[in-house]
Each structure stands twice: as structure tokens, then as C-alpha cells.
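J.: Chain by chain, the residues:
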Amino acid sequence: MSETGDGDDDVVFGRSAGDEDRPGITRQRFLKRSAGSVAGLTGLSAFIAACGGATGGGRPTAAATGKPPGAPTGSVSLALAGAPPSLDPTTTFSANDLPVSGNLYESLLRYDGELRPWLATGHTVNADATEWTFDLREGVTFHDGTAFDAGAVKSSIDYHARSGSAVSFLVGNPAKVDASSPARLVVRFKEPFPEFGRYMSVVKMISPKLLDGPSAVVGRRVNATPVGTGPYRFVRRQGNDVVAAAFDGYWGAGPYFKNAVFKVVPDESTRVSALQAGDLNIVTKVPPPTAAGLKGRSGLTTASVPTLTVVQLSLTAARPPFDDVRVRQALMYAIDRQAILDSVFRGYGVVTGSPLPPEAYGFAKPATQYEHDPEKAKSLLKAAGHTGPVEITMCTFDSLLLASSLGQAIAAMANDAGFSTKCDVVDQGVGDKDLVKGGKRKYDVVILENGFVAGSALHVNNVEFYSQYQGKDLLDQIAKMNAVADGPERLRMVAGVQETWARELPCLPMWAHTFIDAYDASIAGFKPPLDGYQPQLGPAYRPASR
Amino acid sequence: MIATRLGQGVVVLLGAITLSFVLANLSGNPIDLLAGLNSTPEQRAALKHEYGYDKPIPARFVEYVVHAVQGDFGDSVRQPVSAFSLMFHALPYTLALVVLAMLVAVAVSVPIAVHSILRRNTRTDRSLRTALTVMQGLPEFWLAIVFVLVFSVWLGWFPVIGAGGPANYVLPVLAIAIPLMSTLVRLLRGHLLDIMGMEFVTALQAKGLSDRDIVVRHALRNTFPVTVTFLALQFGWMIGGTVIVETVFSWPGLGNLAVQATTNRDIPVIQAIVIAIAVVYILMNLLADLVAMTVDPRLREAR
Chain C
43 MSETGDGDDD VVFGRSAGDE DRPGITRQRF LKRSAGSVAG LTGLSAFIAA CGGATGGGRP
103 TAAATGKPPG APTGSVSLAL AGAPPSLDPT TTFSANDLPV SGNLYESLLR YDGELRPWLA
163 TGHTVNADAT EWTFDLREGV TFHDGTAFDA GAVKSSIDYH ARSGSAVSFL VGNPAKVDAS
223 SPARLVVRFK EPFPEFGRYM SVVKMISPKL LDGPSAVVGR RVNATPVGTG PYRFVRRQGN
283 DVVAAAFDGY WGAGPYFKNA VFKVVPDEST RVSALQAGDL NIVTKVPPPT AAGLKGRSGL
343 TTASVPTLTV VQLSLTAARP PFDDVRVRQA LMYAIDRQAI LDSVFRGYGV VTGSPLPPEA
403 YGFAKPATQY EHDPEKAKSL LKAAGHTGPV EITMCTFDSL LLASSLGQAI AAMANDAGFS
463 TKCDVVDQGV GDKDLVKGGK RKYDVVILEN GFVAGSALHV NNVEFYSQYQ GKDLLDQIAK
523 MNAVADGPER LRMVAGVQET WARELPCLPM WAHTFIDAYD ASIAGFKPPL DGYQPQLGPA
583 YRPASR
Chain P
2 MIATRLGQGV VVLLGAITLS FVLANLSGNP IDLLAGLNST PEQRAALKHE YGYDKPIPAR
62 FVEYVVHAVQ GDFGDSVRQP VSAFSLMFHA LPYTLALVVL AMLVAVAVSV PIAVHSILRR
122 NTRTDRSLRT ALTVMQGLPE FWLAIVFVLV FSVWLGWFPV IGAGGPANYV LPVLAIAIPL
182 MSTLVRLLRG HLLDIMGMEF VTALQAKGLS DRDIVVRHAL RNTFPVTVTF LALQFGWMIG
242 GTVIVETVFS WPGLGNLAVQ ATTNRDIPVI QAIVIAIAVV YILMNLLADL VAMTVDPRLR
302 EAR
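In the order they appear, the protein sequences are chains C and P. Under the numbering used here, the first sequence has 361 at position 319, and the numbering climbs by one with no breaks. Under the numbering used here, the second sequence has 165 at position 164, and the numbering climbs by one with no breaks.
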């Protein structure tokens with residue numbers, strides 16, 4: 043009637059059968075069985091931990107060396123933290139689209155600490171920086187076959203100017219763009235524009251065939267089918283990912299991969315796992331604690347570069363308590379920048395005391411420096427009339443590298459030196475809103491990452507925006523600095539601005555970031571970008587002979 | 002009966018649409034985010050007009066409902082594509098995960114439950130059941146991360162990210178299926194036990210059928226209504242509940258889209274997702290009722 047199992051009880055059905063599920067189970071039996079499975083799980087966890095140790099360790103893998111292949115072969119994939127909002131470079135300028143547009147498009151010049159020729163073989167500027175002349179490279183074509191010439195550059199500049207977008211300031215307000223000679227472009231401005239050259243290392247050249255029509259229409263067209271002169275050309279979107287292929291008619295060396303795929307992987311630890319598993323080849327901006335663990339895994343290598351990105355504390359200097367320079371200085375004395383760099387960022391970064399990154403034009407370390415001195419901070423606060431802890435509100439964006447740890451460290455140090463605060467980690471959108479509002483800002487302090495992508499003093503020029511600072515002396519100096527062409531006089535002025543900045547502290551400069559990129563050790567020719575945002579895939583290759 | 006259900010479904014859908022409108026407008030508008038850091042008040046006003054945020058609320062609500070019913074939620078705030086198409090492209094990926102996870106869970110749970118009934122209180126049965134109890138406590142995200150670590154990074158058997166080929170499905174499906182399996186086994190087992198205690202079973206035993214035959218050919222069928230209802234309700238819940246698994250595997254489904262849309266304050270996309278989940282939930286409920294009625298004639302007389 044009943045089947046006997048391989049156990050000790052009879053298996054009997056029917057209403058009168060004993061049932062394990064009734065509360066007849068004894069505590070001992072339950073404990074025995076639970077112990078069995080817990081022991082099993084513990085063993086499994088120990089096994090997993092042991093395996094983890096075994097796979098890592100050892101020497102860091104050296105990057106590959108060897109000659110590039112004769113023809114583009116294979117594919118390379120790079121991780122993005124979010125979907126690119128648009129592939130039209132005038133519409134957006136964010137960490138999610140710059141890696142892609144930096145490979146599809148190119149600019150007239152390139153900045154690597156100096157302005158180098160790129161699509162322009164040379165450039166000159168007149169004494170007061172109102173007239174710029176660019177000699178254009180021959181034999182360059184866009185992905186759609188259109189020739190690259192002065193007319194094409196003019197179209198792109200016009201498009202940037204009329205788009206009215208947040209990046210149109212890069213091309214300024216040209217009084218005249220002279221493209222009459224196809225190999226030479228002359229741009230004239232009414233006012234001096236000393237930064238134009240460096241900005242032209244960021245302004246991207248779009249195929250003129252796409253640029254006819256109203257901005258909104260053109261924007262959609264360019265986003266749907268971006269066409270530039272870069273080593274990789276747009277093929278299609280695959281969901282959120284962007285697929286690009288080698289451009290056969292590229293004017294420069296490379297490209298060496300047949301395909302380049304930009305994969306959107308929002309979660310940071312997933313990016314790293316995917317890199318380790320081989321699903322991705324390149325992951326940029328790996329947080330230093332994670333990178334330390336990556337060193338030594340077989341097949342991966344890391345490279346770092348001090349970038350043009352500076353962490354700064356943006357203060358609302360138009361109202362108490364930060365309208366008093368002594369309070370601003372107190373906060374600067376309160377923060378031990380090197381200690382935060384060493385503990386949170388494992389030493390990856392450079393403390394200079396200047397609002398500019400070391401590779402920016404005119405960088406000069408100010409003579410006025412602030413060593414870590416909480417007692418001095420407290421005495422400054424007292425001198426400014428504060429008796430108890432000074433209450434301030436502070437926030438940082440979640441998009442910053444190690445935002446949460448950074449915010450906590452800064453808040454803790456401020457609290458030790460006579461302030462009373464905590465740091466909120468806010469969504470970028472919320473934080474942006476707070477800065478856009480001209481009048482009453484919610485936060486006294488906003489911790490930002492400023493990317494000086496063109497090597498120019500952009501975020502210094504916008505000091506009023508970041509801090510509502512109204513000090514005439516500094517503002518005058520900045521205005522004068524922007525009215526003179528590059529040269530020894532300008533360098534003096536830029537140095538002067540940094541010195542005044544260090545005394546006045548409208549915003550508190552923390553350090554210049556060193557970003558770490560992790561990638562497949564079989565890839566050669568890849569260097570983390572100086573601007574911190576546009577990794578160049580053109581020179582990267584897998585050596586032909588192993 | 003079906004008509005009543007459909008009518009109820011429509012009411013629920015309208016409620017969801019209203020709620021999504023209310024919630025979206027409680028948090029202000031995304032114009033400041035859209036306009037960007039350096040925008041002027043004029044630029045922001047222009048954008049406000051373009052997106053219709055300068056109209057009074059009742060007018061906006063009516064417009065919203067009319068459009069929502071047609072599936073038009075406007076364009077995504079971040080990309081120049083319609084919110085509906087973004088949601089529509091993501092939905093099949095999540096559906097695929099959930100459906101496959103359910104199939105796997107059912108395929109594994111039924112034999113285990115049957116075995117558990119037939120070989121009750123044997124050592125295998127007891128250890129299996131304890132293991133399942135422990136497994137039920139394993140959160141999906143922990144499973145997902147452990148799977149990635151063991152099977153992708155160390156062993157390299159399966160890829161981590163994306164939904165490219167069949168290999169990509171294995172780990173995320175398993176991560177979702179395993180906690181489901183445990184619940185399902187216990188449900189089936191309890192239900193089968195109840196059924197085995199009924200009189201018709203005694204009658205079948207008297208006829209000479211083996212226990213195995215009774216369970217597989219007769220008792221199992223009787224579990225359908227409850228099991229199907231359970232799965233249908235789980236389905237609706239899981240469509241929204243795969244967020245973390247999708248994040249860990251960078252799976253291009255609704256969960257991932259919802260997280261990104263929330264980060265970007267992409268309200269049209271969020272609304273599209275909310276409505277999509279509501280629709281799925283309503284349809285699954287309807288399906289559950291239909292299947293139950295088909296399988297169990299006793300339910301057909303109700304109402």
C-alpha cells in the first residue's frame with residue numbers, strides 16, 4: 043500500500059498519518075538539521091573566501107607591448123556609467139557622453155598641458171586675443187565623406203553659437219568667421235578672448251552636411267547619426283549602448299580595432315566584475331580602494347594620471363557665516379587635505395592650494411598656504427565674533443568619486459574645528475538646482491568636482507556663479523586676466539589671481555584628482571586621458587604578435 | 002464574470018494613472034535639471050512652456066490622462082525618444098527573466114515537492130526541506146553577487162553584463178528563481194498534503210493505485226488553482242521587484258530603466274513604467290482568474 047523510503051519512518055497516507063509539519067518536531071531535531079545546513083554554508087563561505095585569496099595576489103600584470111596590427115581587428119569595449127544623454131556635443135557635456143563623443147569627433151587642437159596641433163596644424167593669435175588664425179590639416183574627411191575644410195569648421199562654430207546651449211560659451215560671440223580660404227580659418231572677436239584656443243581643443247567638429255536647419259531639428263539629426271572625423275564612426279545604438287566601427291579614412295595613426303563598443307553599466311561594482319570576467323576591456327575612474335584590489339589579478343592592469351579635475355568646496359559667500367573671510371579661512375584650516383587624500387583616496391591626488399589643476403595654463407602654487415590647524419580655525423572663528431559652534435549646511439553630489447566618504451571626512455574635520463555640520467549626499471539634479479537659484483541657496487557649502495577640460499581657468503572665471511562672491515579686487519583681477527592674450531604678462535596675472543584667491547578663498551580648493559583606469563592587460567597604447575573624461579581609443583591596440 | 006473583472010481592471014488602471022500624476026507633480030518639475038547649470042531664467046521659462054509645465058494643474062491632469070491611455074507619456078527628459086518606447090523596449094527583457102525564472106522554479110519545485118510527499122520524513126526529504134528553508138532566506142541580490150563572483154569572475158563560465166545570448170540569461174534567472182523555488186515547494190507540499198488527506202484519495206488507494214500515481218496524476222492537478230494564483234500574483238510583484246538583480250547584471254530591463262529614470266528625474270519614463278507595471282499586474286490577475294476557472298469548474302458558478 044505504501045512505498046517505503048530510504049529513511050526510518052513508514053510513509054503512510056491518510057488522515058491518521060503522523061505529520062512532520064504538526065508542532066511535533068522537537069527542538070533537538072530542528073537544531074541538528076539547521077546545524078547541518080549552517081555548517082554547509084559556513085564551509086561554502088570559507089571556500090569562497092579562500093578561493094578569492096588564491097586568485098589574486100602576485101605581481102601586477104604589465105601592460106602589453108608589441109607592434110600594432112596591420113589592419114583593424116577585434117573589438118574593444120569601454121564602460122559608461124549611464125546612457126549618453128545625446129551624441130550631439132552641443133547638447134550635452136557630461137561624463138556619460140564625453141567618452142563616446144571624444145572618439146567620434148575631434149577638435150582643431152588638443153590640450154595635454156600645452157596646446158598641440160590636431161585638426162589644425164598650427165594657430166596664431168594677435169596681441170590682444172581678438173583675432174585667431176588656424177591652419178587646417180589637409181586630407182581629412184568626415185565619416186560621411188565630406189571634406190574637412192574651413193567651411194566645415196565655420197559650420198560647426200556657427201552651430202555651437204546658435205544652439206544657445208550651456209556649451210555655446212566655448213565659441214564665444216564671434217564677430218566674424220572667415221572661411222574664404224579652405225585651408226585657413228580666421229575668427230575675429232570684438233572683445234579679447236584669450237581662452238578661445240584652449241576652448242577649441244574641446245569644441246568638436248561635426249559634418250556640415252548635418253547642420254542645416256533650426257537647432258532643435260539639427261540636434262535630433264546629429265544625435266541620431268553623429269558624424270565626425272574621429273578614428274571610430276558611429277554604427278548604431280544597441281539599447282543604451284553605442285556601437286562604433288573603425289573609420290577607414292581616418293587621417294591619423296590607427297584605429298586598430300574593428301569595433302568599439304561603449305557599454306552602459308550603471309553599477310560600479312558590476313563594472314569591475316565585468317572587467318574581471320572579461321565582458322569589458324576598459325573601466326575608467328575606478329575608485330582607489332577598488333583599484334588596489336585589482337592590481338595583481340591576472341590579465342588586468344591599471345594606469346593613473348593626474349587630471350585636470352579639481353575638488354573644491356563651493357561656499358555661499360554672499361551671506362553669513364561665509365561672508366566673512368575669516369570664517370572661510372577657518373574652514374580651510376580645519377580640513378587636513380593630505381590626510382583625506384591618503385585615507386579615502388589612497389594618496390591618489392595632488393594638494394596644491396590653487397583653484398587650478400597643475401596642468402592648467404598659468405598654474406602657479408600660491409605662496410599663501412593653509413596647513414591643517416584646527417586651533418587656528420577656532421581662534422579665527424572667535425575673532426569673527428562666533429562664540430559657539432558655527433552651524434553650516436553642507437552637501438555633495440552622488441556623482442563624485444567616493445562622495446559619501448569624502449563628505450563625511452570633511453564634515454568631521456569641520457566639526458573638530460569649531461563648526462557644526464553634516465554632509466548630505468544629494469542627487470546631481472537636486473544639487474544643480476541649488477546652484478542655479480540665484481537668490482537663497484539651501485546649502486552653505488557644496489563639495490564639487492570641477493573639470494577644467496580645456497586646461498583653462500573656466501571655473502575660476504565663474505567664481506560669482508559658484509560662490510556669489512562679490513569681492514571687487516579678485517573680480518577685477520579675473521576680468522583683467524581675460525582681456526590679455528597668452529604670454530608672460532598673462533601668466534603673471536593668472537599667478538596673481540591664484541594668489542588673491544588663496545587669500546580671499548571664495549571657494550576652497552582641495553586637491554587635483556588622479557584618476558585610475560583599469561583595463562585588459564592585453565591592450566597596449568591606452569593612456570588615461572588628462573582631462574579625465576575622454577579616453578582615447580584611437581591609439582589603443584592588441585599587439586599583433588604576442 | 003470576465004466583464005466584471007475587466008471593468009475592475011480599468012478602474013484600477015485609472016487609479017494608477019491618477020496616482021502617478023499626483024506623485025510626479027508632488028516632487029516639483031525637472032525643468033531645472035533639464036535646463037542645466039548655466040541656464041538663464043528665460044531659457045528655463047521657454048523649456049517650461051515647451052514641456053507644458055506652465056499650464057494649470059487640472060488642465061495638465063486631463064491632458065495627461067488622455068495621453069496616458071493612448072500610451073503617450075511624452076519624450077524622455079534625457080534622450081530624444083518617447084518614454085513609451087524606452088519602456089516598451091525594456092519590458093520584454095524583464096518579462097523574459099521573470100517568465101524563465103518561474104518556469105525554472107516550477108520545473109524544479111514540482112519534482113521536489115512530489116518527492117517530498119512520497120518519501121516523507123526520510124533523511125533526503127528532511128535535509129532538502131531544511132536547505133529550502135535556508136534558501137528562502139537568501140536575498141536575491143546576495144545570490145546575484147555571489148553568482149557573479151563564482152561563475153563569472155573566477156570560473157568564467159558565464160558573462161556578467163547585458164542580455165546578449167542564452168549564456169547571459171542563466172545567472173540572473175537562477176538568482177530570481179532560487180528564492181521563488183523555496184516558497185513554491187513549501188506551498189506545493191502543504192497543499193499536496195491537504196489533498197492527500199481527502200476522501201477521494203482514500204478511494205483511489207482502495208482502487209489499488211500506487212501513491213506515486215495518485216500524487217502525479219490526480220493530486221497535482223488539484224493544486225493548480227492555488228499555485229497558478231500564487232504565481233500570477235508573484236509575477237506582478239516580480240516585474241517591479243527585479244531591480245537589484247537587473248542592476249548587478251546590467252540587465253536592460255524595466256528595473257534598470259526605473260533606477261536610471263529616477264536618478265535622472267526622468268518623470269515621463271517613470272510614469273510609463275508605473276503604468277506598465279499596473280497593466281501587467283491587472284492582466285496577470287485576470288489571467289489567474291481565468292486559468293483557475295478553467296481548471297476548477299466549481300469556481301465558474303461564482304457570481
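Please note that a few of the clues may not be correct.
[As the list claims (entries may be wrong)] DSSO-like mimics (lysine-lysine), calculated; alpha carbons at most 27 Å apart, straight line: (1) C/484 with P/49; (2) C/300 with C/569; (3) C/482 with P/208; (4) C/407 with C/109.
Think of the hints as simulated: they come from the structure by calculation, not from any bench.
J.: Now, for every hint given, state plainly whether the structure supports it.
T.: Hint by hint, here is what the structure shows:
Distance check on the hinted pair: residue 484 of chain C and residue 49 of chain P sit about 23 Å apart at the alpha-carbon level, within 27 Å; holds. A hinted pair counts as satisfied when its Cα atoms are at most 27 Å apart, and residue 300 of chain C with residue 569 of chain C qualifies at roughly 19 Å. Distance check on the hinted pair: residue 482 of chain C and residue 208 of chain P sit about 85 Å apart at the alpha-carbon level, beyond 27 Å; violated. For the given pair, residue 407 of chain C sits about 41 Å from residue 109 of chain C by alpha-carbon distance, which is inconsistent with the 27 Å threshold.
Hints 3, 4 from the list above are not met by this structure, while the remaining hints are.
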